[in-house]
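Please put together the full structure from these sequences, using the hints given.
These protein sequence lines are chains A and B, in that order.
Quick note, the first sequence lines up with residues 11 to 549 if you use the numbering used here.
Quick note, the second sequence lines up with residues 11 to 549 if you use the numbering used here.
Simulated restraints, written as ranges between beta carbons of each label pair:
1. Glu482/A - Asp501/B: 43 to 49 Å
2. Ser227/A - Ala122/B: 29 to 35 Å
3. Glu482/A - Leu317/B: 54 to 60 Å
4. Leu317/B - Asp501/A: 49 to 55 Å
5. Glu534/A - Ser315/B: 51 to 57 Å
6. Pro362/B - Ser533/A: 53 to 59 Å
7. His350/A - Ala122/B: 43 to 49 Å
8. Asp501/B - Glu534/A: 17 to 23 Å
9. Tyr282/A - Gly136/B: 29 to 35 Å
10. Pro320/A - Ala122/B: 17 to 23 Å
11. Gly119/B - Arg292/A: 22 to 28 Å
When the alpha-carbon atoms are kept at most 20 Å apart in a straight line, the in silico EDC-like pairs for lysine to aspartate or glutamate are as follows:
12. Lys223/A - Asp341/A
13. Lys223/B - Asp322/B
14. Lys206/A - Glu157/A
15. Lys121/A - Asp313/B
16. Lys121/B - Asp313/A
17. Lys223/B - Asp341/B
To be clear, the hints were calculated from the coordinates, so they are not data collected in a lab.
Every residue, glycine too, gets a C-beta built ideally from N, C-alpha and C.
There are 2 protein chains.
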Amino acid sequence: MQTMPGTTGAHALVRTLVDSDVRVCFANPGTSEMHFVAALDTLPQMRGVLCLFEGVATGAADGYGRMTGHPAATLLHLGPGLANGLANLHNARRANTPVVNVVGDHALGHKALDSLLESNIDALAGTVSGWVRRSASIEDLGTDAAEAVAATLTSGAAGEGGRDPSRNGTSGSVSTLIVPADLSWSTGGRSARPVKIPAPAAPSEQHVRSIAKLLRSGESCVLLLDGPALSEQGLRAASRIERATGARLLARNWAARQRRGAGVPHVEPLAYRGEQITAQLRDAHHLILCGARTPVTSFAYPDRSSLPTPPDTRVHVLAEDEGADTVLALDMLADHVAPHTEPLLAPSAPPPLPRGALTVDNWAAVIGALLPEEAIVCDESITAGMATLHAATAGSPPHDVLGLTGLSIGQGLPSATGAAIACPDRPVICLQADGSAMYTLSALWSHAREHLDITTVILNNSSYAILRAELERVGATAEASAQLFDLSRPDLDFVSLAHGMGVPAERAGTAEDLARQFRRALSEPGPHLIEAVLLPHGG
Amino acid sequence: MQTMPGTTGAHALVRTLVDSDVRVCFANPGTSEMHFVAALDTLPQMRGVLCLFEGVATGAADGYGRMTGHPAATLLHLGPGLANGLANLHNARRANTPVVNVVGDHALGHKALDSLLESNIDALAGTVSGWVRRSASIEDLGTDAAEAVAATLTSGAAGEGGRDPSRNGTSGSVSTLIVPADLSWSTGGRSARPVKIPAPAAPSEQHVRSIAKLLRSGESCVLLLDGPALSEQGLRAASRIERATGARLLARNWAARQRRGAGVPHVEPLAYRGEQITAQLRDAHHLILCGARTPVTSFAYPDRSSLPTPPDTRVHVLAEDEGADTVLALDMLADHVAPHTEPLLAPSAPPPLPRGALTVDNWAAVIGALLPEEAIVCDESITAGMATLHAATAGSPPHDVLGLTGLSIGQGLPSATGAAIACPDRPVICLQADGSAMYTLSALWSHAREHLDITTVILNNSSYAILRAELERVGATAEASAQLFDLSRPDLDFVSLAHGMGVPAERAGTAEDLARQFRRALSEPGPHLIEAVLLPHGG
Numbered sequence: 011m012q013t014m015p016g017t018t019g020a021h022a023l024v025r026t027l028v029d030s031d032v033r034v035c036f037a038n039p040g041t042s043e044m045h046f047v048a049a050l051d052t053l054p055q056m057r058g059v060l061c062l063f064e065g066v067a068t069g070a071a072d073g074y075g076r077m078t079g080h081p082a083a084t085l086l087h088l089g090p091g092l093a094n095g096l097a098n099l100h101n102a103r104r105a106n107t108p109v110v111n112v113v114g115d116h117a118l119g120h121k122a123l124d125s126l127l128e129s130n131i132d133a134l135a136g137t138v139s140g141w142v143r144r145s146a147s148i149e150d151l152g153t154d155a156a157e158a159v160a161a162t163l164t165s166g167a168a169g170e171g172g173r174d175p176s177r178n179g180t181s182g183s184v185s186t187l188i189v190p191a192d193l194s195w196s197t198g199g200r201s202a203r204p205v206k207i208p209a210p211a212a213p214s215e216q217h218v219r220s221i222a223k224l225l226r227s228g229e230s231c232v233l234l235l236d237g238p239a240l241s242e243q244g245l246r247a248a249s250r251i252e253r254a255t256g257a258r259l260l261a262r263n264w265a266a267r268q269r270r271g272a273g274v275p276h277v278e279p280l281a282y283r284g285e286q287i288t289a290q291l292r293d294a295h296h297l298i299l300c301g302a303r304t305p306v307t308s309f310a311y312p313d314r315s316s317l318p319t320p321p322d323t324r325v326h327v328l329a330e331d332e333g334a335d336t337v338l339a340l341d342m343l344a345d346h347v348a349p350h351t352e353p354l355l356a357p358s359a360p361p362p363l364p365r366g367a368l369t370v371d372n373w374a375a376v377i378g379a380l381l382p383e384e385a386i387v388c389d390e391s392i393t394a395g396m397a398t399l400h401a402a403t404a405g406s407p408p409h410d411v412l413g414l415t416g417l418s419i420g421q422g423l424p425s426a427t428g429a430a431i432a433c434p435d436r437p438v439i440c441l442q443a444d445g446s447a448m449y450t451l452s453a454l455w456s457h458a459r460e461h462l463d464i465t466t467v468i469l470n471n472s473s474y475a476i477l478r479a480e481l482e483r484v485g486a487t488a489e490a491s492a493q494l495f496d497l498s499r500p501d502l503d504f505v506s507l508a509h510g511m512g513v514p515a516e517r518a519g520t521a522e523d524l525a526r527q528f529r530r531a532l533s534e535p536g537p538h539l540i541e542a543v544l545l546p547h548g549g
Numbered sequence: 011m012q013t014m015p016g017t018t019g020a021h022a023l024v025r026t027l028v029d030s031d032v033r034v035c036f037a038n039p040g041t042s043e044m045h046f047v048a049a050l051d052t053l054p055q056m057r058g059v060l061c062l063f064e065g066v067a068t069g070a071a072d073g074y075g076r077m078t079g080h081p082a083a084t085l086l087h088l089g090p091g092l093a094n095g096l097a098n099l100h101n102a103r104r105a106n107t108p109v110v111n112v113v114g115d116h117a118l119g120h121k122a123l124d125s126l127l128e129s130n131i132d133a134l135a136g137t138v139s140g141w142v143r144r145s146a147s148i149e150d151l152g153t154d155a156a157e158a159v160a161a162t163l164t165s166g167a168a169g170e171g172g173r174d175p176s177r178n179g180t181s182g183s184v185s186t187l188i189v190p191a192d193l194s195w196s197t198g199g200r201s202a203r204p205v206k207i208p209a210p211a212a213p214s215e216q217h218v219r220s221i222a223k224l225l226r227s228g229e230s231c232v233l234l235l236d237g238p239a240l241s242e243q244g245l246r247a248a249s250r251i252e253r254a255t256g257a258r259l260l261a262r263n264w265a266a267r268q269r270r271g272a273g274v275p276h277v278e279p280l281a282y283r284g285e286q287i288t289a290q291l292r293d294a295h296h297l298i299l300c301g302a303r304t305p306v307t308s309f310a311y312p313d314r315s316s317l318p319t320p321p322d323t324r325v326h327v328l329a330e331d332e333g334a335d336t337v338l339a340l341d342m343l344a345d346h347v348a349p350h351t352e353p354l355l356a357p358s359a360p361p362p363l364p365r366g367a368l369t370v371d372n373w374a375a376v377i378g379a380l381l382p383e384e385a386i387v388c389d390e391s392i393t394a395g396m397a398t399l400h401a402a403t404a405g406s407p408p409h410d411v412l413g414l415t416g417l418s419i420g421q422g423l424p425s426a427t428g429a430a431i432a433c434p435d436r437p438v439i440c441l442q443a444d445g446s447a448m449y450t451l452s453a454l455w456s457h458a459r460e461h462l463d464i465t466t467v468i469l470n471n472s473s474y475a476i477l478r479a480e481l482e483r484v485g486a487t488a489e490a491s492a493q494l495f496d497l498s499r500p501d502l503d504f505v506s507l508a509h510g511m512g513v514p515a516e517r518a519g520t521a522e523d524l525a526r527q528f529r530r531a532l533s534e535p536g537p538h539l540i541e542a543v544l545l546p547h548g549g
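Put into structure tokens, the structure is as follows:
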């Protein structure tokens, strides 16, 4: 612990974050966070990135954390600032992404006065955070910050202050530190050293043997992969198991981060609809969860079950202890059942470029045909991509896909921001549905300000298409009110919207347009946006 | 109570809302709200207005409630949908606006499964609502809805199901009704009759006499007006008191709704800064709160008090009982101390049109010079308007001003949406700071879709100007990090942004531009946007 009698609490806080290797702060500050902002000047190791809306800041921190395995900070202003960031923190929570929120609050003596911006920050923070603390004294601020960082990683596998980019950043959690303004502005802060992160629990050898026995039993097994199991290391182990035992592999759909493409084992996604999942698991005697949860449908529907696993399928958990290392368990399992088997790697086989009018069916093939090496794909294509994107990119160069983990829309553009800052040498492709784009559109401005190499493709079908499908599915019908899912009248013009935030943009109406514009965007530095105007199925 | 065995819970819910005179629903629905949407088809008395972000829906409901005194409904999707709407519900709470939120939740049997969108809706709702209920059975749904509406009005003055547009809609509260999807889709719902709203408590005659005695004592008195006291009726009574007794009047700044302009008594605003408030109250022996709270600064600052009322000033409350009728109390007080005095009404005296470059100092005079009769002014101009707007519009035709009550930015464009739907025959002028506009910009799309007569003036000073001032004020300094308040690099182009959402737009660089464009916008139906590019003080 370092005592700094002449420095502010905010300085000790930022110093501690920097020492704990938190190097980026996605910020939308207000009056109560001014000393934090001032501290950034003297600590250039922390990069401040201005976001024009808190939902952009939190979504960016999520994207950053997924790519680095280590938290970024957010800087949010009081309860309303946190409220604006909650939806993407919900996605981060569902992604197990490490994120440290720093939320400024009123000075202690001011809180009881119920001034205009007063609200219940603690209640809001509790809904998304694995760890919440309100700093009680300036002496504690450094320690609190160090513990906040550690808490984001304790269910993960990172070492002290270190980051391991070969792992997925998908075994952490959200911490929220609430900092009264008077602690920030007072002097006498003490920074604190990083808290040592315990190594994840070693998988139980005995338990791994029992799973191995299942796999050798001759009964049909399915391995459902999620979290770190979808890293390259996890997928390679799973593929060895698949080849040696005949077990089938499935990957959680819209996972936090999945390694895909040529040279990576290919895994079919778990379907979105319950009855499709039931069909996928129909013959399975055993469902083995590898970092995954038992399948649950996203919504309940009249007269349908929310639990699609067939009743005769027995469910097992590969790494039973909380925080156990799923990837290590997969490696151990593979060494048991497939000691001499190599994984089956997807061949390089990008799809041919489609031609003609752009439709819901063919746009993904353009992306798959032209996807660059080591791309980071932020996928919020929703209905536009559900049926086609996975297959279209299976043979593209190796890449990572970040999915809409919590189904809270408005994640794509912000997470692309964070991913691009985390990985400045990798191209980021943001596949963004139109309706969802409008939630956090100002992320485009941050793309431009930070000159991030992000190519955004807006999939414009002029509707909340998923809701049209859902309306029917829940057994409701609506005619006049179907206008509540209609995004035309007026049409959104994403080219103008992008220009308004300093991002070069073009509109594509044919597959040829999209291919030409996508190639150009990839060849130039900085952000680009392409509005892909999609006709319905069949063109 | 009306039993409708063949109809859904959602239908009974909407039917009850309609019967309780809730006639507009600002909606951003999802799967769990589909039956509500379907019910809208059979109940055309409820107008569904699609908003592309929940913060627009809640801000619109706030603007609507301020203008009608009666709640609109919002329709929000699960916890993340409510979370996205919280910041403007915070403003509604601080405005005492009646609003009924309908938040869909998962079906009861689905909740325990912790599916991807599951979150703690109740905790979120509690932070902004005066009334929260989770419907427990389909039989209760109608009754719950009727009670939700009544709860928004119980501190107000409206009669059963009725609205009284001569009053300000500023004595209500926010209700949140959480509706599990299975209650919505099941049949056997019963609508419920409106709950009778009790009349507000009559002011105590004895207490009013004691205040009258103060006013006649020869000691210096200040009446601080807020809420319904800022209605025309309240202001007229206050003006009579001022003229007859020499008491001074002050109006809360950024009030929920204030009547202003020619023919209305003019009242100086309470200042924003604590030391300015202390100076305003320096000679006051008595501060009489008329629907207002004791002044509290918005933020604490090192070595400054948050309570700017001078220690020797005694504070009194005009209408002591909660829910007592402040306007009636002012009338009674005026009849005591000023039985034969007429109010002093502001003369018609719009400012002359300024000329030359547009600056922070002169833009408001253009608005004041051209403001149309019975305009509704949604004021989120913040620093751009703080010093000049009030004076510039004091002699304009009579109008209402809706202020940023909770200081949670991003309210202006949404509240204009709601005000225009509430009052289709009145021109709505939205004065919107640039940084704040980006929070809820998609409100412009709703302006266009609903063809609302809203003229938005974006005050573009390319910065979070208030934060530059605050940085200095809290005793912090920052150089490199001052970029965190800088909205240039790239410049936001609001003309392109407006075009992208179907709103005609122009840019004004001179006072002459602004005058010409403002006149044209007012003369044409439907929405318009003018980007006023402001030079700093002094041009």
